[in-house]
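A.B. asks: The lines below spell out each chain.
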Amino acid sequence: MIGKLIHFLFYTCHQATFTIEKKLAHNIHWVEKIRLYFHLLFCKNCRNYLKKATNIDKTIKNLVEKQEITQNIDTHNLKKHIKEKIKTDGM
Amino acid sequence: MAECNKEFEKWVDLYTEKLLVKAIFLLTDENIARDMVQEVFLSAYNSYSSFEKKSQPFTWLCSILSHKVADFYRKKYHKNTPIYFSHFFDKKGNWNFDVIDDDSGLEKDIYVQFLQECIEALPDRWKILVKLYYIQEKKTANICKEIGITPSNLWKILQRSRLQMKECIELKNNEL
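Just so you know, the sequences run in chain order A and B. The numbering used here numbers the first residue of the first sequence as 17 and each following residue consecutively. The numbering used here numbers the first residue of the second sequence as 884 and each following residue consecutively.
Since the hints were derived computationally from the structure, they do not count as laboratory data. Model, not experiment: these values are computed from the prediction. Glycine residues also receive a C-beta, built at the ideal position from the N, C-alpha and C atoms. It is possible that part of the hints are untrue.
Unchecked claim - Among chain A residues calculated to face chain B with C-beta under 7 Å, some are:
1) K38
2) N43
3) H45
4) L57
5) N61
6) Y65
7) L66
8) K68
9) T91
10) K95
Can you build the whole structure from these sequences, using the hints too?
C.D. replies: Shown next as structure tokens:
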């Protein structure tokens, strides 16, 4: 019963994880923020999910920023090809 | 014209490799990535006059790449396919799992490696979008416009992907 009431007022876990996504995208309305806050207050699983989701978010951001050349890729032919293409097709 | 050509050839020498790394990251398939890089340079060459010298050439080329990848994505995955959450939540919207644990307790290096593998394990339809989202610094409105989906759909795909990545990391952790 209490569970039902909580879900009615403050999202289901399914909705809460969706709203967490909006929060991570910095695109969350204040009403949603409050509803999420109360859901998290009562739901340990979603609190833990939020931690994990935030961690994934941060790590991917770092990965994208620090892309390094990890494998050997041959670009000699590609460069040659591009230069030729520009001469024939360009403009 | 000759000067523009020379300048441009310099760009090709300087940035092809870096662009290709980005393209492979976004698209996984090296052959598609190589074609894409070539297209980026051709587009850049043809609109060279619109390049504002204020921004760095590489930044400009990257933004062209990101448009091209969005274009590729839109054409390839133009159909809206339903996204299922039944593995994670029951009909009432509760977790299907009794306990979501606090933290993986993994060392950072191992965590990063697992996450990289788990991103790659996502279906292409989600993987490319997730990467585009982060490469474009989470500019939701931009991405939605380029790809032609609603923000709500974008978040749903991100939510579904993140749930899957989380589970994938947990599984790898358990196997250790």
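A.B. asks: A separate judgement is required for each hint: does it hold in the structure or not?
C.D. replies: Okay, the hints, checked on the actual structure:
| no. | hint | result |
| --- | --- | --- |
| 1 | K38 | holds, 6 Å |
| 2 | N43 | holds, 6 Å |
| 3 | H45 | violated, 12 Å |
| 4 | L57 | violated, 16 Å |
| 5 | N61 | holds, 4 Å |
| 6 | Y65 | holds, 5 Å |
| 7 | L66 | violated, 10 Å |
| 8 | K68 | holds, 5 Å |
| 9 | T91 | holds, 5 Å |
| 10 | K95 | holds, 5 Å |
When the structure is compared with the earlier hints, violations turn up for hints 3, 4, 7 and for no others.
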